[in-house]
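Here the protein sequences line up with chains A, B, C, D, E, F, G and H, keeping their order. Quick note on numbering: the first sequence equals residues 1 to 208 in the working numbering. Quick note on numbering: the second sequence equals residues 1001 to 1208 in the working numbering. Quick note on numbering: the third sequence equals residues 2001 to 2208 in the working numbering. Quick note on numbering: the fourth sequence equals residues 3001 to 3208 in the working numbering. Quick note on numbering: the fifth sequence equals residues 4001 to 4208 in the working numbering. Quick note on numbering: the sixth sequence equals residues 5001 to 5208 in the working numbering. Quick note on numbering: the seventh sequence equals residues 6001 to 6208 in the working numbering. Quick note on numbering: the eighth sequence equals residues 7001 to 7208 in the working numbering.
Calculated directly from the structure, the hints in this document are not laboratory data. Just so you know, even glycine gets a beta-carbon here, dropped at the ideal spot from N, CA and C. Honestly, I wouldn't trust all of these hints.
[Stated by the list, open to error] Pairs of lysine-lysine residues, derived as DSBU-like cross-links and limited to a Cα-Cα distance of at most 30 Å, are as follows:
1) K5206/F <-> K125/A
2) K3206/D <-> K3066/D
3) K4206/E <-> K3125/D
4) K6041/G <-> K6066/G
5) K66/A <-> K5119/F
6) K5119/F <-> K6119/G
7) K3041/D <-> K3069/D
8) K6125/G <-> K7125/H
9) K4119/E <-> K7119/H
10) K1069/B <-> K2119/C
11) K4041/E <-> K2041/C
12) K4119/E <-> K3066/D
13) K6119/G <-> K7125/H
14) K4206/E <-> K3119/D
15) K206/A <-> K5119/F
16) K4041/E <-> K3206/D
17) K2069/C <-> K1125/B
18) K2119/C <-> K1206/B
19) K1119/B <-> K2206/C
20) K206/A <-> K5041/F
21) K1069/B <-> K2125/C
22) K7041/H <-> K7066/H
23) K69/A <-> K5206/F
24) K3041/D <-> K7041/H
25) K3125/D <-> K4119/E
26) K6041/G <-> K6119/G
27) K3069/D <-> K4125/E
28) K7066/H <-> K7206/H
29) K6125/G <-> K7041/H
30) K6206/G <-> K7041/H
31) K3119/D <-> K2119/C
32) K5041/F <-> K7066/H
33) K2041/C <-> K2125/C
34) K4041/E <-> K4119/E
[Unchecked claim] Here are the in silico distance ranges between beta carbons for each label pair:
35) E3048/D <-> E1048/B: 52 to 60 Å
36) R25/A <-> D6056/G: 22 to 30 Å
37) R25/A <-> E5030/F: 32 to 40 Å
8 protein chains.
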Amino acid sequence: ARTGFAEVVYCSNKADEHLLNIYERLYQEEGQVLGTRASEKQYLLVRERLPQVQYDPVSRILKIEKPDKLHEGRVAVCTAGTADISVAEEAAQTAEFFGTYVDRIYDVGVSGMHRLFSKMDMIQKANCVVAVAGMEGALASVMGGLVCRPVIAVPTSVGYGANFHGLSALLTMINSCANGIAVVNIDNGYGAGYLATQMNRLALGKDR
Amino acid sequence: ARTGFAEVVYCSNKADEHLLNIYERLYQEEGQVLGTRASEKQYLLVRERLPQVQYDPVSRILKIEKPDKLHEGRVAVCTAGTADISVAEEAAQTAEFFGTYVDRIYDVGVSGMHRLFSKMDMIQKANCVVAVAGMEGALASVMGGLVCRPVIAVPTSVGYGANFHGLSALLTMINSCANGIAVVNIDNGYGAGYLATQMNRLALGKDR
Amino acid sequence: ARTGFAEVVYCSNKADEHLLNIYERLYQEEGQVLGTRASEKQYLLVRERLPQVQYDPVSRILKIEKPDKLHEGRVAVCTAGTADISVAEEAAQTAEFFGTYVDRIYDVGVSGMHRLFSKMDMIQKANCVVAVAGMEGALASVMGGLVCRPVIAVPTSVGYGANFHGLSALLTMINSCANGIAVVNIDNGYGAGYLATQMNRLALGKDR
Amino acid sequence: ARTGFAEVVYCSNKADEHLLNIYERLYQEEGQVLGTRASEKQYLLVRERLPQVQYDPVSRILKIEKPDKLHEGRVAVCTAGTADISVAEEAAQTAEFFGTYVDRIYDVGVSGMHRLFSKMDMIQKANCVVAVAGMEGALASVMGGLVCRPVIAVPTSVGYGANFHGLSALLTMINSCANGIAVVNIDNGYGAGYLATQMNRLALGKDR
Amino acid sequence: ARTGFAEVVYCSNKADEHLLNIYERLYQEEGQVLGTRASEKQYLLVRERLPQVQYDPVSRILKIEKPDKLHEGRVAVCTAGTADISVAEEAAQTAEFFGTYVDRIYDVGVSGMHRLFSKMDMIQKANCVVAVAGMEGALASVMGGLVCRPVIAVPTSVGYGANFHGLSALLTMINSCANGIAVVNIDNGYGAGYLATQMNRLALGKDR
Amino acid sequence: ARTGFAEVVYCSNKADEHLLNIYERLYQEEGQVLGTRASEKQYLLVRERLPQVQYDPVSRILKIEKPDKLHEGRVAVCTAGTADISVAEEAAQTAEFFGTYVDRIYDVGVSGMHRLFSKMDMIQKANCVVAVAGMEGALASVMGGLVCRPVIAVPTSVGYGANFHGLSALLTMINSCANGIAVVNIDNGYGAGYLATQMNRLALGKDR
Amino acid sequence: ARTGFAEVVYCSNKADEHLLNIYERLYQEEGQVLGTRASEKQYLLVRERLPQVQYDPVSRILKIEKPDKLHEGRVAVCTAGTADISVAEEAAQTAEFFGTYVDRIYDVGVSGMHRLFSKMDMIQKANCVVAVAGMEGALASVMGGLVCRPVIAVPTSVGYGANFHGLSALLTMINSCANGIAVVNIDNGYGAGYLATQMNRLALGKDR
Amino acid sequence: ARTGFAEVVYCSNKADEHLLNIYERLYQEEGQVLGTRASEKQYLLVRERLPQVQYDPVSRILKIEKPDKLHEGRVAVCTAGTADISVAEEAAQTAEFFGTYVDRIYDVGVSGMHRLFSKMDMIQKANCVVAVAGMEGALASVMGGLVCRPVIAVPTSVGYGANFHGLSALLTMINSCANGIAVVNIDNGYGAGYLATQMNRLALGKDR
Ligand SMILES: Nc1ncnc2c1ncn2[C@@H]1O[C@H](COP(=O)(O)O)[C@@H](O)[C@H]1O
Ligand SMILES: Nc1ncnc2c1ncn2[C@@H]1O[C@H](COP(=O)(O)O)[C@@H](O)[C@H]1O
Ligand SMILES: Nc1ncnc2c1ncn2[C@@H]1O[C@H](COP(=O)(O)O)[C@@H](O)[C@H]1O
Ligand SMILES: Nc1ncnc2c1ncn2[C@@H]1O[C@H](COP(=O)(O)O)[C@@H](O)[C@H]1O
Ligand SMILES: [Mg+2]
Ligand SMILES: [Mg+2]
Ligand SMILES: [Mg+2]
Ligand SMILES: [Mg+2]
Ligand SMILES: [Mg+2]
Ligand SMILES: [Mg+2]
Ligand SMILES: [Mg+2]
Ligand SMILES: [Mg+2]
């Protein structure tokens, strides 16, 4: 934790034995564990050893969290559509695990832009905004044109055809002519939640 | 003109002799000529033979047009930025050559969305809208979410880095989650002006 | 329905609960629902709540439609091969749901061009033509060279090897040297049916 | 000439000294030389040493040919547009250098398909057909659907935007659903002329 | 059969009913049927209606063939490795169905080039050579440097990693600096067998 | 300036007249102007009208700045090599224009990692770090593994061959397994300087 | 074994009969067999015929090895993460099969660089280093900056989103600005183990 | 020189002042300097300050070398064509600068394979082989099938069309089914010469 953050487990493709060992070790060292991209099967496996572990099938987060955690500051996590919610939840729950307060504003993409406008007041209050969008990913550009805090753009693989599994949304976000857009990998909700926490901590005057 | 449109000359890469022959032939047959992607040098060449020829260095259109042409119906040509204007002018002047009335609404992209909203009344009156945008090309999605007529989306090669010479904007437009977006090739203002004319004629009850 | 079209459900990847809620809400609000890319399993799910729902396994459309709907104007939906029919049906049934009259002309690609020529009279009568083709997608170019109304080109993912899941057909259509070709995403029959309806309404003098 | 063909010089990027040496050596050994992709400057260079050398700026072929060469058999070289003629001439002149009789049928692409149909009788007489096309390259598919001899498809880099310097036409031709399409590299007129000669020789009962 | 070849069925993705209809129709019209890319399941389906149908699980060819068919001329079908044999068999059996005599020379790629050299005499006798190779596809170049007849190069999707499902082999073959290489789509054994038959017929003086 | 930042001019491709108008207008409205990607020629043009304008040929920034501007907070701008300095200067000078204090730490990439380690103390004091790198772009990953504040990664087009004009570095940075990496477009120093300013302001408790 | 190495079996996609034949033949000829990319199912198949065969599900190596094999020289096989271990084991066990002594140093990527530094002494003793890494693949660059012997870089397909199944890591390694980086195909542990053996033998003064 | 090699200057894009400083510093520290990718103009610049500097326009190497340098061991540098020689010379002269003995074997690609076979004896004596090839790059595979020492494969950007500036040759080499192929970046002669030196030193028992 030289970087001020607990180690996080990327569960995907981990062998059962490795996974168990790391959950046990981290739980002993830190009293809590955050894992991402876990499967139902891995949940059942870990639960046998650590019965207090919790699993959310939407975000695929598998965690043991300390009770009564404080959530400070303010971060907004927004999605263009409902199919982007699983990635958004990975972002939101990661940020919350690290002590960040999160507002969720879902389904406010360009095909329902009036819904976005009705939420602008809440969004403007955040220290930074996470914009999660697939298909053409225009939400990040629209958001960047409206808010003055950093926008963390997460392209998702939602879509078909020439979306090329998220490449289209990634290119949209990287090329945005709006200012203040920070891009992470396709479907990388975890990375967005981590960055959002770093920015929120800056605003809180922490981590110096 | 089996398709109800005069033949148009794509000047780029044409040998001098070929270019002169085709301008003379078309002028004799039709009394007017429309050429796209012409260079200054080609203008000087053709002018020696056909002194009434006109050249616009922005759209790179080289034409002889019949006087007092009527412009009917209504089409809106919009751009995200000022660097997209040359492609937009190719679209607008092509449509006008084919007898279409055109409203120009430039520089209304996501980094200046309030300007777009102030023009929505005029845009809503058009039979179809041409949306010209480079970089991430989000204008087409925003427009598609606001108007009920077809939107002809023209990606431009404006931008740098991961815009891949217009590919980024093309993918954005092809993957748009807004409805009613018809896409043409990168920088293909001509094709957009042609399609806009076809749609405008449908609305005028022509060409049946 | 600010855009003059009822909201349409993209069923793919929707959670069961979300799907049911949206079908029920839309049915109450509009008395009809159109959903695309639905699975057999989603059909069975929705049928339990809304027994009047209808499912077509070819187009994968899941809908409740008002009886005695009028189909006006005229649109032609054409395919190059038989494997393109599922995408074509998504286009045709979408257009019909929105009140458009549709002629179906299937299996008229370049390996059977005489069949295309024998149907040209019917095709010329349409307000616009939807050309659905996979592999190299040459149908759109051939069609664009023959008809004077707009051609909506739908690349499909049919093919193998260097077709790259429809990219080849998409590039063919975007680069067509024929005029009046409007391109939508790979396998996007829905988008084509929507655009065809918009153009058909222009010809009917509707939506002003 | 183990393969029954004289060595051919690919002039592009050759150092002056290397170029001169190879022209002199080949002229001495064979009494004739064929070079492709030569520049005007290389022509002037070689002409000083070998004054009988001939240069065609369209095909960029630089050659010394034996007089009274016989041209046997029959091959058709066709183009979609006029901008494809330089590649077609590289093909035609290569085939002629190797003793093949060539019919040229230019500018018969999908935007002028009636011109193609009016030439079908001549094309059907060829032992094989070279189809040269840029942009979307649909000519190869149309040709493959009409003739029963092999079609050698040459994609060209003619076009702009999403043609990706000929990649679009290459993919069209490789994915053609017509039968009997043999594809060569983008702008590779030389390779097409060589293959056409091989096929023509098969028909002549030569090279056994 | 305007092109001198019976119609061939591309079985992949065909609905059961469509498949049965076409096999019955073609069998009645021609007395024989050739189908490619058929599954085991499709074999069982067709066998119920047409018990004489034959299925080869390697080439995935499903056919009814006339007895005592004559095989004329000479074509060589070669592979780089054993994993390429299924594609090679599609080529060989297609050519045989159309009356061509085929020599099979398998597993002679660059990692066993001595085996290739020991077969050169037989290969040199063919009217054309089909070279089937995956991974880097160098066999086509090696073959093109050794034989004087046309080489039909078939890239296969055999390999992993940066082979990109056959793209690597396709690019190798399209860029070959050897002469006389005609390329078809990735895994397109059928197309290669068809082209090989066309070339073989040229040599036999047929099809004029 | 709804977003708390003055409007910035992207000079590239702007027509002379447009450029002059915008510099004059902004200077009148704000008393200062920041332009990026300006050419020497544009500098001379603007200088005639606004003699106080300043041009830096390395960063290509063309600006009029208010005297005695305060630089607050702390941001580190680092490069992997010396060829990345022009992009880094665009970032640093943009941040400075917006009132940010900047430390420059250049030429500390993986081939000279000991130089990086010797500067870690200074880097750790920054509110955020801008990591500018071309070729394989590994600096961002190394930096992300060492600091706990956000790292803004700027891929550059420096390199050759399979760097694909910066795509390689972009992919490296987007896929980094280090945490807290925010990526902007290839060569987008401006965007990085803007984001760095936003983060610095968060730390300063500004802009709420 | 003209190249001084026994023939190795690439099991993937081999038909059962072919696989059995080759294992039996090689076992008879060499007294040992090395196979890569074998499935559990192939293991059971071969075991019936050759009961002494051994299978490792991690590396997917299926082998019969001579007892008491000597391992000479010294090679280091390193990974960035734990998910890269299967590829690393393919490399290590291949090298060991060919008589090379291997040190394994796993999980020393940029997110745990202190672990790498603690192992540098051991790594510096190797004749060459195999660096196995997925995601952004920065380990190869870091390693290349620290050791003076050749580094064999193996990109893996570990990661998601814009890693494009290993392409990102491949490009990183190919573009490395560190010196002495030799790259093999994505996930090609076998090739790396082979090259490492060749280099180790050079150091041992063998194979001359 | 922690890695046992003197620092080398990558001259491309270096500012004049930077270039002069580094040449002077390195010359003072080491008594010699090696620079790659230098222009004629940079040569003239450096020569004014360091008159003993030498420039080779083919390899673009700009160096000051110590007299009477010993060249030990043995490395073979081979090319497929003559256009690949500039890259090969960068490799050869780099290796020589570092004290390696180099055999040059040029123009032995697949279109002249007999020339390759006539040189195999010399090639087999090398400690490693550098194979430089553009277009389809098959030389590396052919070489890998014939020699038992490591082959360092250098793809070049020589070619046109679908060679994609060297990508085709790079993919060929990375996917080679021959063993013992180590790949470097497109046109990276320097990297190949460096690796060849490392391998040669292993064989000489140096650098331990
Ligand atoms: N969903 C995710 N995407 C990317 N990185 C992750 C994700 N979840 C965890 N990580 C990072 O991956 C690393 C853990 O990898 P591992 O040691 O393989 O579990 C940690 O540095 C995490 O910060
Ligand atoms: N800018 C343009 N982009 C695409 N096609 C064009 C353009 N200008 C003209 N065309 C079309 O290109 C064809 C003329 O090509 P050509 O015969 O080579 O002059 C006509 O069918 C035009 O409709
Ligand atoms: N335009 C061309 N495209 C591709 N290959 C060519 C071309 N012209 C000549 N060649 C071939 O290139 C080789 C000559 O290359 P070189 O030895 O570099 O002159 C010969 O094998 C020719 O057959
Ligand atoms: N394996 C194959 N690959 C490509 N085309 C094929 C293949 N098999 C048959 N065809 C062609 O595909 C067409 C049949 O398509 P369909 O009407 O869909 O069965 C015919 O023109 C065949 O010549
Ligand atoms: Mg903003
Ligand atoms: Mg709309
Ligand atoms: Mg038309
Ligand atoms: Mg045909
Ligand atoms: Mg040959
Ligand atoms: Mg960090
Ligand atoms: Mg090193
Ligand atoms: Mg070898």
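Hint numbers contradicted by this structure:
5, 10, 12, 13, 16, 20, 25, 26, 29, 30, 32, 33, 34, 35 and 37
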